[in-house]
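Enquirer: One letter stands for each residue in the lines below.
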Amino acid sequence: MAILEVHNIEKHFKNVQVLNDISFSLEKGQVLSIIGSSGSGKTTLLRCLNFLEKPDQGTILVGDQVIFDAADPATQIEKEVRKKRLHFGLVFQNFNLFPQYTALENVTLAPKLMAKETGRSPEDIEADGLALLAQMGLEDRKDHYPHQLSGGQQQRVAIARALALQPDILCFDEPTSALDPELTGEVLRVIRSLAEKKTTMIIVTHEMAFARDVADQVIFMDGGYIVEQGTPEQVINHPKEERTKQFLARYFENA
Amino acid sequence: MFIHVTLSLLEGMWTAIELFLLTLLFSLPLGLLVAFGSMSKWAPLRHVSRLGHLPAALRHFRPISALTELVVWIIRGTPLMLQLIIIFYGPGMWFDNNIWAFGNGRMVACVVAFVINYACYFSVIYRGGIESIPQGQKEAGQVLGMTKTQIFFKVTLLQVIKRIVPPMSNEIITLVKDTSLARTIAITELVKAGESFMKSDGITWPLFYTMVYYLLFVGLLTLLFNWLEKKLDYFK
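Which chain is which? The protein sequence lines are A and B, in order. When you line the first sequence up against the working numbering, it's residues 1 to 255, in that order. When you line the second sequence up against the working numbering, it's residues 1 to 236, in that order.
This list has only true hints and no planted wrong ones.
Computed cross-link-like contacts, DSSO-like style, restricted to lysine-lysine with a CA-CA straight-line distance of at most 27 Å:
1) B:K148 with A:K116
2) A:K142 with A:K198
3) B:K138 with A:K79
4) A:K84 with B:K154
5) A:K142 with B:K154
6) B:K154 with A:K116
7) B:K138 with B:K154
8) B:K148 with A:K84
9) A:K112 with B:K231
10) B:K162 with B:K231
11) B:K162 with A:K142
12) B:K148 with A:K79
13) A:K79 with B:K154
14) B:K236 with A:K142
15) B:K138 with A:K112
16) B:K154 with A:K54
17) B:K138 with A:K83
18) A:K83 with B:K41
19) A:K14 with B:K41
20) A:K112 with B:K162
21) A:K112 with B:K154
22) A:K112 with A:K142
23) B:K148 with A:K112
24) B:K41 with A:K84
25) B:K138 with A:K84
26) A:K83 with A:K116
27) A:K116 with B:K138
28) A:K83 with B:K148
29) A:K14 with A:K54
30) B:K138 with A:K54
31) B:K177 with B:K199
32) A:K79 with B:K41
33) A:K28 with A:K84
34) B:K41 with A:K54
In case anyone wonders, no lab produced these hints; they're calculated from the structure.
Given only the sequences and the hints, what does the whole structure look like? Please build it.
Expert: See below:
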């Protein structure tokens, strides 16, 4: 059963159409990689899923439940949106950790603010946060502030922070683009381990080799359209569309 | 004589401190409100398409923001001394209704003038601080399901405070010396207290002696701000 279904998403900024008729679905426990050049709409698509942008057209379903329908204002009420966006977690390109909180506090802040609704105890949240940091290999960094951590460590804290709310689908927006090549590996390793644990993920990335290894499904976007989608074998190894071939050729040439 | 002057100046100093503290007490929160006003994005004409096609300038007109910016312009654009005179004498002069004719009405009028004036200056500092926080901080809070209020108080506020300490310390130190304007409406603050000895005893040194008081006060504040900056140094 598909955990996520996206139907006919359209989005424009001023006069520029950035997303055109975007439709895809994702099975629970699968990894979807979205590839494409800068400005192709990948990030905007991710931001639409996380309600950071409002699509002009289209519907989004999570586990059969319509969480967004551009034609139905009832699905766009501010209060509801706050709850619905929790289906998704988002890891940003430049981490966006809260600088005034330690690594552990970054992870536990949102669950603690939500404790009244979820009924979780602070001890429980704390223990959960520590376990997540340990999973990221950062238990000895729990009391460090973001500026005391390397980029790779910061990004891993950000992943733990997103996981702390147990989202159905974890989204990554170019998670390694702001990192030194040396630090990229540690973040990719963590994402790979999440894939092995059957975490449902959408990863916007320029790491083509990584997408090929980890993803169950790949979408290639260009100019706001989905040009090609399928398994990594189909899209990355044997692209059908000319535009995909061009993009990949240029990519592997440079790599 | 020295002790007599010292004590007399202390009294003037106390008036200045009262004015200083009361001004801060009210203008710090009011300034935040003014800042939110000037940042208000409310544009009621945006959706009025029934009236036909409105020119862009009208559609983007933000009345709350425009009004607060007008007020800030007037308050920052005219001398505090004049505002003080208008607020204290205005009601009696133009409306024949001296609303300040009670016990310490003078002081209250003075506080009102100072609060309005300083709230406007503070609002610009607040706005600068708030707008300097990267959008990503707010978005990170949003995707973690925080409410707007939670994002402001748990994510943004401390970062804003850290950034505005230096400009705020400037403004607050200026306020110390601006208290001397209270004499315009015959409040005996420090300078007036010192000057009074020229008339009564024909001596000038008490007037210059007041500088010691100002310097001590500002010195103390400087230490306080340095401590605060250090205290917020734990994050970047």
